[in-house]
Every structure is written in structure tokens, then in C-alpha cells.
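Visitor: For reference, the chains in residue letters:
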Amino acid sequence: MATSSAAHPAKLAKRRFGGDEVAYCFTLLFAVSILVITVFLVWELWVHSSPARGKFGLGFLTSSLWNPVTDQFGALPFIYGTVITSALALLIAVPLGVGAAIYLSELAPPRLSNTLTFLVELLAAVPSVIFGLLAIFTLIPLMREYFEPALQSVFGSLPLFSGHIYGVGYLTAGVILAIMTFPFIISVSREALMAVPREQREAALALGATKWESTYDAVLPFARLGILGSVFLALARALGETMAVTMVIGNDPKIHASLFAPGYTIAAVIANEFTEASGDTYLSSLVELGLVLFALTMIINGLAQLLIVLTTKKGSAKA
Amino acid sequence: MKTFVVTGLAILPALLASSAMAADTINAAGATFPAPIYQKWFGEYKAAHPEVQINYQPIGSGGGIRQLIAGTVDFGASDMPMKDGQMGDMKVKPLHFPTVMGAVVLSYNIPNVTAILKLTPDVIAGIYLGNVKSWDDAKIKAANPGVNLPSKAIEVVHRSDGSGTSFCFTDYLSKISPEWKSKVGVNDSVQWPLGLGGKGSDGVEGLIKQTPYSIGYVELIYAVQNKMSFADVQNASGSFVTPSFKSVSEAAANSKEMPDDFRVSITNAPGKASYPISTFTWLLVPSHIADPARKKAITGFLGWMLTTGQKDAEGLSYAQLPKAVVTKVQKQIAQIQ
Amino acid sequence: MTMRKAVNNLMLALCGLCAFLTVSSLFLILGYLIYNGGKSVNLDFFTKLPLAPGEAGGGMANAILGSAEVVLLASIVGLPVGFFAGVYLAEFGSKTFSFVVRYTADLLNGIPSIVIGIFAWTVIVVPMHHFSALAGGLALSLMLIPITTRSTEQFLLEVPRSMREGALALGANKWRTIATVIVPAARKGIMTGMILGIARISGETAPLLFTSLNNQFWSTGLSEPTATLPVMIFTHAVAPYDDWHRQAWAAGLVLLALVLLANIAARMVISRGVSLPK
Numbered sequence: 000m001a002t003s004s005a006a007h008p009a010k011l012a013k014r015r016f017g018g019d020e021v022a023y024c025f026t027l028l029f030a031v032s033i034l035v036i037t038v039f040l041v042w043e044l045w046v047h048s049s050p051a052r053g054k055f056g057l058g059f060l061t062s063s064l065w066n067p068v069t070d071q072f073g074a075l076p077f078i079y080g081t082v083i084t085s086a087l088a089l090l091i092a093v094p095l096g097v098g099a100a101i102y103l104s105e106l107a108p109p110r111l112s113n114t115l116t117f118l119v120e121l122l123a124a125v126p127s128v129i130f131g132l133l134a135i136f137t138l139i140p141l142m143r144e145y146f147e148p149a150l151q152s153v154f155g156s157l158p159l160f161s162g163h164i165y166g167v168g169y170l171t172a173g174v175i176l177a178i179m180t181f182p183f184i185i186s187v188s189r190e191a192l193m194a195v196p197r198e199q200r201e202a203a204l205a206l207g208a209t210k211w212e213s214t215y216d217a218v219l220p221f222a223r224l225g226i227l228g229s230v231f232l233a234l235a236r237a238l239g240e241t242m243a244v245t246m247v248i249g250n251d252p253k254i255h256a257s258l259f260a261p262g263y264t265i266a267a268v269i270a271n272e273f274t275e276a277s278g279d280t281y282l283s284s285l286v287e288l289g290l291v292l293f294a295l296t297m298i299i300n301g302l303a304q305l306l307i308v309l310t311t312k313k314g315s316a317k318a
Numbered sequence: 000m001k002t003f004v005v006t007g008l009a010i011l012p013a014l015l016a017s018s019a020m021a022a023d024t025i026n027a028a029g030a031t032f033p034a035p036i037y038q039k040w041f042g043e044y045k046a047a048h049p050e051v052q053i054n055y056q057p058i059g060s061g062g063g064i065r066q067l068i069a070g071t072v073d074f075g076a077s078d079m080p081m082k083d084g085q086m087g088d089m090k091v092k093p094l095h096f097p098t099v100m101g102a103v104v105l106s107y108n109i110p111n112v113t114a115i116l117k118l119t120p121d122v123i124a125g126i127y128l129g130n131v132k133s134w135d136d137a138k139i140k141a142a143n144p145g146v147n148l149p150s151k152a153i154e155v156v157h158r159s160d161g162s163g164t165s166f167c168f169t170d171y172l173s174k175i176s177p178e179w180k181s182k183v184g185v186n187d188s189v190q191w192p193l194g195l196g197g198k199g200s201d202g203v204e205g206l207i208k209q210t211p212y213s214i215g216y217v218e219l220i221y222a223v224q225n226k227m228s229f230a231d232v233q234n235a236s237g238s239f240v241t242p243s244f245k246s247v248s249e250a251a252a253n254s255k256e257m258p259d260d261f262r263v264s265i266t267n268a269p270g271k272a273s274y275p276i277s278t279f280t281w282l283l284v285p286s287h288i289a290d291p292a293r294k295k296a297i298t299g300f301l302g303w304m305l306t307t308g309q310k311d312a313e314g315l316s317y318a319q320l321p322k323a324v325v326t327k328v329q330k331q332i333a334q335i336q
Numbered sequence: 000m001t002m003r004k005a006v007n008n009l010m011l012a013l014c015g016l017c018a019f020l021t022v023s024s025l026f027l028i029l030g031y032l033i034y035n036g037g038k039s040v041n042l043d044f045f046t047k048l049p050l051a052p053g054e055a056g057g058g059m060a061n062a063i064l065g066s067a068e069v070v071l072l073a074s075i076v077g078l079p080v081g082f083f084a085g086v087y088l089a090e091f092g093s094k095t096f097s098f099v100v101r102y103t104a105d106l107l108n109g110i111p112s113i114v115i116g117i118f119a120w121t122v123i124v125v126p127m128h129h130f131s132a133l134a135g136g137l138a139l140s141l142m143l144i145p146i147t148t149r150s151t152e153q154f155l156l157e158v159p160r161s162m163r164e165g166a167l168a169l170g171a172n173k174w175r176t177i178a179t180v181i182v183p184a185a186r187k188g189i190m191t192g193m194i195l196g197i198a199r200i201s202g203e204t205a206p207l208l209f210t211s212l213n214n215q216f217w218s219t220g221l222s223e224p225t226a227t228l229p230v231m232i233f234t235h236a237v238a239p240y241d242d243w244h245r246q247a248w249a250a251g252l253v254l255l256a257l258v259l260l261a262n263i264a265a266r267m268v269i270s271r272g273v274s275l276p277k
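Same order as they appear, the protein sequences are chains A, B and C.
Just so we're aligned: 307 in numbering that gives the first Met the number 0 is position 308 of the first sequence, and the numbers increase by one with no gaps anywhere.
Just so we're aligned: 246 in numbering that gives the first Met the number 0 is position 247 of the second sequence, and the numbers increase by one with no gaps anywhere.
Just so we're aligned: 92 in numbering that gives the first Met the number 0 is position 93 of the third sequence, and the numbers increase by one with no gaps anywhere.
No lab work stands behind these hints: they were computed from the structure.
Quick caveat: nothing in here was measured; it's all calculated off a predicted structure.
The beta carbon of each residue, even a glycine, is placed where N, CA and C say it ideally should be.
Just to be clear, a hint being listed does not mean it is correct.
Away from chain B, derived, C-beta distances all over 12 angstroms, residues of chain C [what the hints assert, rightly or not]:
1) Lys4
2) Ser39
3) Pro49
4) Met127
5) His129
6) Gly165
7) Thr219
8) Gly220
9) Thr225
10) Ala226
11) Ile263
12) Met267
A short, non-exhaustive set of chain B residues, derived as facing chain A with CB atoms under 7 angstroms [what the hints assert, rightly or not]:
13) Pro149
14) Ala152
15) Gly184
Per label pair, the in silico range of CB-to-CB distance [to be verified]:
16) Ser93/C <-> Leu64/A: 23 to 33 angstroms
17) Thr46/C <-> Ser156/A: 38 to 48 angstroms
18) Thr326/B <-> Val46/A: 30 to 40 angstroms
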């Protein structure tokens with residue numbers, strides 16, 4: 000052994016300092032580039048929003064004035080619109096999604112469950128602009144002609160359901176967002192439910208519970224964290240959704256109490272007004288809105304990841 | 000894996016080849032108001048001069064001005080003349096080249112009503128301020144006896160993007176309504192008291208078409224092409240005028256003298272046959288173009304536009320430039336260095 | 000007992016209803032799109048250029064080519080970066096640094112696409128003084144990188160240790176093991192991840208709005224604006240012209256067909272399992 004390494008020092012050196020080091024550095028370079036890109040992105044957002052941050056300070060987040068004529072900009076109508084439409088989306092999608100997930104994990108025969116889940120996950124791949132296209136020609140007329148008047152006739156006395164019916168507005172945006180977030184909630188909740196050990200169900204059934212009771216009392220609490228994680232994931236998607244919302248929200252930068260009223264979200268206003276924002280204050284206000292959205296989605300995504308990690312690690316919640 | 004790489008590599012030379020062969024693109028962006036005629040012109044001009052490809056993107060007058068200032072387009076287009084402040088910051092001053100004139104019409108969608116409505120300035124301002132809320136309001140009925148107006152709420156539509164059409168409309172509203180002038184003002188992008196926002200004239204017309212009982216302001220050709228009704232508007236002399244290239248030309252003829260930099264407003268013009276919501280629209284061309292090929296292409300187009308191009312105007316319901324203006328504009332082409 | 004039974008049946012029926020509603024929404028979407036798009040797709044759509052607003056006819060040939068151009072560019076940049084970063088995370092990474100890289104990749108993945116568009120605009124369009132296919136492609140690559148990184152890492156980690164140890168025992172050094180044994184073993188999964196990533200970015204609209212803008216003619220090069228299918232769908236859908244609506248449906252069908260086919264193919268590949276040598 001000693002003779003061969005002494006006789007071929009060049010080969011040994013080449014093996015030690017050649018391929019592996021190079022491969023390590025090479026791949027490290029690309030890994031670092033991800034960090035560099037992300038940091039650069041945040042930095043660019045910060046820098047390009049500085050005129051607006053300097054002019055408005057924290058008041059930007061609480062002002063509801065959006066006036067390009069007087070160069071006064073406030074983020075509140077957009078934050079409101081983003082939050083309301085996302086909240087509506089979750090209100091619709093979570094019960095439906097969790098219900099569907101329960102059906103798929105507990106009740107459906109395995110092959111049907113797998114096929115249906117496959118189909119639902121395909122829904123996640125449909126581009127946002129296509130949802131918008133469909134919404135313009137199907138959802139908006141449906142909302143305007145049937146759904147919203149029906150709601151108004153029953154709940155019209157509440158400010159939420161009063162006022163003018165346009166077809167476009169917060170509620171329509173909420174509905175299309177709900178359809179777009181179904182796949183996330185169903186897919187992740189189903190996995191969380193299926194991860195619950197069989198013993199839980201069987202124990203409950205052995206004690207005389209009905210199938211529903213076993214699901215509700217024994218299985219769901221276990222899967223709770225995972226389901227919550229799916230909700231956060233869906234929320235993050237809904238907050239950042241641009242195209243479908245832009246096409247159905249009505250583009251009105253004001254806060255309205257009624258769900259039937261037109262509004263605006265952060266992503267939609269950036270999409271609509273970015274190319275024409277003249278003047279530093281206007282443009283930097285839009286960039287600052289982008290920064291706010293980034294911060295929002297970062298927090299929600301972080302919470303989602305945390306929950307999902309917690310579920311898979313601990314195996315589930317306390318009873 | 001291999002097939003994927005091979006197909007990718009096969010497409011790449013094709014793309015590179017296409018980019019080598021094709022003409023150099025001149026990029027322009029701006030108003031949606033004249034987009035139908037501009038895109039027709041650029042298509043025709045390319046057919047006549049294949050080496051000149053002008054790509055025009057209708058992103059709104061505000062967008063056209065912005066991108067011109069940022070230098071991301073070769074020239075811009077706007078129905079709103081640039082402000083002194085905007086031009087002052089630019090290293091290369093832009094020149095305003097009027098191209099055509101057009102009418103901003105009030106297009107509406109009232110199911111079962113096919114009559115042409117007559118709208119007074121009072122009513123138009125009232126609708127957009129939110130004071131006139133319903134189609135069977137007394138003021139609308141007074142001007143339209145015999146029309147069966149439903150008692151439905153008026154759905155107001157305006158522009159969501161920075162628009163020269165909005166500028167023209169708000170300019171008109173400020174002239175005829177002191178309340179509008181103090182509450183909202185004049186600009187390409189204002190704080191609208193109420194209504195839905197559509198992106199571009201086509202976005203607004205799209206919303207009107209889809210939304211029963213709605214009303215919005217768009218360039219004439221959008222309403223015509225989509226067979227939507229549009230209103231006769233009462234002008235400063237008191238007569239109700241139908242928007243058309245004729246009544247727009249009347250407005251221009253009765254307006255004050257065209258200034259040397261061509262920045263002028265012709266809203267609420269005097270004269271019995273003048274349409275009160277008329278406007279010029281301009282191409283904003285830098286006064287200095289470094290690349291000689293581009294300069295030749297752009298100046299060539301401008302010359303063509305002032306002579307051959309004008310013939311397309313009336314077919315698309317735009318008004319040709321008055322002869323005196325054409326002569327003046329032709330002299331300005333020489334100012335592009 | 001009967002009360003409990005009733006509740007049981009009711010709730011289970013409701014869950015079935017939920018499943019029905021959610022799954023049927025997919026079928027409704029597909030069905031409506033196929034119906035409207037199928038009526039509108041014709042040869043002109045694939046071969047002609049768009050006409051001026053209001054003129055009937057024309058097609059979206061430039062948008063199809065433009066989308067291909069932009070996606071190809073995004074893949075050329077994004078796939079290698081994502082792949083090698085994934086290799087780093089799976090094979091070479093150190094505990095804390097890998098955690099940081101993973102977290103950042105997830106962060107990048109979660110950034111709304113419109114914000115990516117802003118970034119590409121400030122960093123590429125403004126200095127270049129040009130809207131361009133290049134800017135659009137690079138914006139899309141930023142979205143492709145984290146997807147590819149995570150899926151590459153995931154599938155590399157699934158390769159059994161026995162294979163690594165076998166190769167190392169035979170005297171191969173680390174990079175050789177990775178290149179000739181591990182990556183080939185995981186190649187199905189890695190490719191699937193790449194295909195899914197490409198399918199995802201080909202449908203993205205927001206990052207293209209202010210980078211590649213749009214073009215009524217053929218794009219004349221990477222530094223010029225180009226038409227793309229998603230942007231065309233957007234502009235045509237909100238316009239008033241019926242002919243443009245027809246074309247938007249056709250474009251929607253073409254785009255959806257491409258995306259769904261890629262997804263179905265990828266998922267079928269992955270369901271056959273990671274390929275292991277016999």
C-alpha cells in the first residue's frame with residue numbers, strides 16, 4: 000500500500016484535491032446563489048420603496064387615501080381587500096375542503112379516493128389566468144343574476160349584504176379564490192387524516208361510536224395541526240393571488256362594508272397600475288405595497304411550515 | 000431526458016434565426032383611446048415598409064408617459080398632454096405630435112332601451128358624483144320624454160388605470176361642474192367618488208357590455224365596434240350633439256388657436272355643432288433619437304401618418320387633423336434631431 | 000341511538016357532498032373550457048398573428064412561440080441552478096447552512112409572483128431600458144429555481160443508502176458516486192419535478208406583465224417584448240370584443256391542455272416509483 004501511494008503521488012493528490020472539492024464548490028455556488036437572489040430581492044424592494052416610506056412612514060399602513068392627483072397614498076383599502084377576500088375564500092374552502100378530505104380519507108374506497116385526489120390535485124395546476132377567464136364569463140353573471148340577489152333578499156338588512164350588486168366585488172373574488180385553494184386544503188388535510196394511526200379509529204369504534212363520532216372525536220383532533228397547516232398554506236396562496244382576483248374585484252381603491260361592493264387587493268393594484276405609475280411617490284408606494292405583501296406571505300408561510308413540521312415530527316396533537 | 004434536451008436545443012437555433020432575420024422592433028406604448036387606429040397604421044406601415052416593425056402596446060396614457068420617461072420605449076402615446084413638470088425632468092425633451100381627434104362618449108347598457116339618450120352636463124356630472132343615482136331620475140327623464148326609463152340604479156364605470164380618456168373626461172367635468180372641480184379635479188387618474196374600474200378603454204367597454212344598467216366613458220370606436228348605445232350630449236350652446244368625427248372636427252374648428260407645442264384642450268368648445276367631450280391625441284416622440292435607422296423609421300412613419308394615414312381615420316370614427324394643423328405638424332418633424 | 004345514527008348519516012352525507020362539490024368544480028371548469036375553447040380553436044389560431052382591436056380573425060401564433068421562448072429561457076437558467084443546489088442540499092450540505100438554504104428556497108417559492116415581477120422590472124427592464132423576453136424568462140426562472148431545488152433534493156434523499164455505500168466501497172469518490180449512481184437512480188423523480196415546475200411557470204401571468212409586456216408581431220429577439228399566451232388571455236378576456244373572447248377561450252384551452260398533460264404525465268411517471276437498477 001505504502002509503495003503504491005509513494006509511487007503514484009500525483010494520482011493520490013489528484014484524487015484528494017480534484018473531483019470532490021470541485022463538486023462541493025460547484026454545487027455550493029448554486030446553493031449560495033439562492034440566498035443571494037432572495038436577499039437581493041428583499042433589498043431591491045426595500046430600496047425602491049424608500050421614497051414612499053420616507054414620506055408616509057407607518058401612516059401608510061393606516062391611511063385609506065389613494066389619490067394620484069395629490070400624490071397621497073395609503074395601503075389600507077388594499078390590505079382590507081386582500082384580507083377580506085382571503086378570509087372569504089377560507090370561510091368557503093375550509094369546511095368544504097375538510098369535509099371532502101374526511102370523505103376521501105375515511106369513507107371512500109381506496110381506488111376512488113386515489114383517483115379523486117389525483118383529479119383534485121390537477122386543479123392545483125390550473126393557471127390563475129384561466130380561473131379568471133372562467134370567472135368573467137360564468138361566475139360573475141351567476142353572482143349578479145342569482146346568487147347575490149338571493150343573499151340580499153335574505154340578509155339584506157345586514158351591512159355586509161346591503162348595497163349595490165355589480166357582479167364583480169369582494170364576494171366573487173372570495174369565491175374564485177376558494178375554488179383555487181380547494182386542492183391545497185383537501186390534499187394536505189387528507190394526508191394529515193390518513194397519518195392518524197388506525198388504532199385511534201378502531202378504539203373509538205370498539206367503544207360503540209358511530210363512524211362520524213369516531214372521525215370527529217378520535218381522528219380529527221389528531222390531525223388538527225396538519226389541517227391547520229393546510230389552512231395556512233391556502234391562506235398564503237390566496238393572499239398572493241393576482242390574475243384571477245384582478246379580473247373580478249372591480250378595481251375600486253376604497254373600503255366598503257358590503258361584500259357585494261367592488262374593491263382592490265394589493266396584488267391587483269400592482270398589476271393594474273405599475274406600468275403607469277408616474278412619479279417617484281406613486282411608484283414607490285406600489286413597491287411598498289409589494290413589500291407589505293411579501294411580509295404577510297412570509298409570516299403565513301412560516302407558520303404553515305412550522306405546523307406541518309410539528310405534525311410530522313410529533314406524530315400529532317394531544318388527545 | 001435526452002429527448003428533452005434535444006428538442007430544447009432544436010428550438011433554440013430556430014429562435015435565434017428568427018431574431019436575426021426579422022426587422023428591428025421599435026417599441027411604443029400608451030393610450031388605449033387611439034389604439035385601434037394606431038395598430039392598424041403600424042400594421043399597414045409594416046406591410047409597406049417591411050423593415051420597420053413598430054410594436055404598440057395600449058397600456059394607458061399614464062403608462063405611455065411613464066415608460067417614455069423611464070426610457071423603456073422609443074416613443075409614447077397619450078390623450079393627455081404632458082405636464083411641464085413631467086417634461087422638465089427629462090434629459091431629452093419630448094415633442095407632441097397630434098395624430099387624430101376623437102370623441103369620448105358615454106356608452107350605456109340598459110336592457111330593453113334602444114333609444115339614444117340625451118344627457119345634459121348636469122346629469123353626467125351628477126351620475127359620476129353619485130348625486131344622480133337612478134335611471135328614472137327626474138333630470139334624465141326631463142331630457143328624454145317618451146323613453147321608458149327603468150327605475151334601476153345606475154352602475155357607474157370608470158378607468159382604473161392612468162388614462163388620457165379620463166383626463167379629457169375630467170377636464171370636461173371640471174369645466175361644467177364646479178362641484179366636480181373642487182371635489183375631484185382633473186388628471187389621468189383621480190379619486191373617483193364611486194363606480195367600477197376597468198383597465199383600458201376596452202376594459203371599460205367590456206364591463207359595460209357585461210353589466211346591465213351600466214354607463215361608462217370610452218372612445219367612440221369602442222362603442223361603435225361593440226354595437227353599444229352611446230348618448231347625445233348637450234354642448235355649451237345648448238344643443239344635443241351626436242358624437243361623430245364631424246362634431247369633433249367642429250369642436251376643433253371652434254376652439255382657440257393651436258399653440259406651437261400642440262398641447263391644447265378642446266373640451267366644451269363653443270359652436271352649435273361641436274361635440275363637447277372631444278380631444279386630440281398625441282404621439283410623444285423624443286426630440287433627439289440617437290440611432291439613425293430608428294430616427295429614419297420614426298420620422299418616415301410620422302410623415303406617412305400625416306398624409307396617407309389620415310385617410311383611415313374616418314372609417315374608424317376618428318376625425319382627421321385640420322389641414323392647418325397638418326402643415327404645422329409636418330414642420331415639427333424636422334425638429335427631431 | 001337513532002339520533003346519533005341520524006347525525007352520523009347526515010354528517011357523512013355532507014362530507015360526500017363536499018367531495019362531490021369540489022371535484023365537480025374541476026370537471027365543470029374543464030368541461031366549460033373544452034366546450035368554448037374547442038369551438039374557437041382553428042388552424043388560424045396557431046398560424047396567424049393578432050389583428051387590430053375590433054377586426055375579426057387572426058390568431059395567436061406569436062404568443063405560442065413567445066411562451067415557448069420565455070419558458071425555454073427560464074428552464075435553461077432555472078433548471079441547472081435548482082438541480083445543483085438540490086444536489087448540494089442532499090449530498091454535501093452542513094446542518095445549519097442547509098437549513099438556511101432550504102428556508103430561503105421555501106421563502107422564494109412563497110413570494111407572490113407579482114412581487115417577482117417587480118423585482119425583475121427593477122433589476123432587468125430598467126437598466127436595459129427595454130421590456131424584453133429576457134426579463135420575462137429570468138423572472139420565471141426565479142420561480143422555477145426553488146421548485147426544482149426542493150424536488151431534486153427530495154428525490155436524491157430517497158435513493159437508498161445501500162447504493163451509495165456500494166459505490167463508495169467500490170472505490171468511487173463522492174462526485175463520481177453522485178454523478179454515475181445516485182442521480183441516475185433518482186432521475187425519474189427529478190425529471191418529474193422539473194416537468195411539474197415548467198408546467199407551473201408556463202401558466203404564470205403576473206411576472207410577465209411588466210417584463211415581456213406584449214407584442215402584436217413576432218418577437219424579434221430576446222431583448223424585445225414578446226407576446227405570451229397567459230398575457231394574451233388576460234388582455235383578450237377583459238376586452239369587449241366577442242372575437243377576442245373567442246380567442247381567449249382557444250388560448251385558455253391550449254394552455255390548460257399543455258399544463259394538464261404535463262402534470263398527468265409527470266404524476267404517472269412518479270407513481271411507477273423511483274427507478275432502481277435490476
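Visitor: Is the Cβ of Ser39/C farther than 12 angstroms from every Cβ of chain B?
Guide: holds (17 angstroms)
Visitor: Would the non-interface assignment of Ala226/C survive a Cβ cutoff of 12 angstroms against chain B?
Guide: Contrary to the label, Ala226/C does not stay out of reach of chain B, its closest Cβ about 9 angstroms off (not over 12 angstroms).
Visitor: Is the interface hint satisfied for Gly184/B? The criterion is a beta-carbon contact with chain A at less than 7 angstroms.
Guide: Because about 5 angstroms separates Gly184/B from the closest Cβ in chain A, which is inside the 7 angstroms limit, the hint holds.
Visitor: Checking the smallest CB distance to chain B, is Lys4/C really beyond 12 angstroms?
Guide: holds (49 angstroms)
Visitor: Is the nearest CB of chain B more than 12 angstroms from the CB of Gly220/C?
Guide: violated (4 angstroms)
Visitor: Compute the least Cβ-Cβ separation between Ile263/C and chain B, then decide whether it is above 12 angstroms.
Guide: holds (17 angstroms)
Visitor: Between Thr46/C and Ser156/A, does the C-beta distance stay in 38 to 48 angstroms?
Guide: Since the Cβ atoms of Thr46/C and Ser156/A sit about 57 angstroms apart, the hinted range of 38 to 48 angstroms is violated.
Visitor: Evaluate the given range 30 to 40 angstroms for the C-beta pair formed by Thr326/B and Val46/A.
Guide: violated (49 angstroms)
Visitor: For Met127/C, is the shortest CB-to-CB distance to chain B above 12 angstroms, so the non-interface label stands?
Guide: For Met127/C, whose nearest Cβ neighbour in chain B is about 8 angstroms away, the distance does not exceed 12 angstroms, so it is violated.
Visitor: Would you check whether the claim that Thr225/C is not at the interface survives, using Cβ distances to chain B and the 12 angstroms cut-off?
Guide: Non-interface label fails for Thr225/C: nearest chain B Cβ at 9 angstroms, not farther than 12 angstroms.
Visitor: Hint says 23 to 33 angstroms; check whether the CB-CB distance for Ser93/C and Leu64/A agrees.
Guide: violated (50 angstroms)
Visitor: Holds or violated: is there a CB of chain A closer than 7 angstroms to the CB of Ala152/B?
Guide: Result: holds, 6 angstroms to nearest chain A Cβ.
The structure fails to meet hints 3, 4, 5, 7, 8, 9, 10, 13, 16, 17, 18 from the earlier list, while all remaining hints are met.
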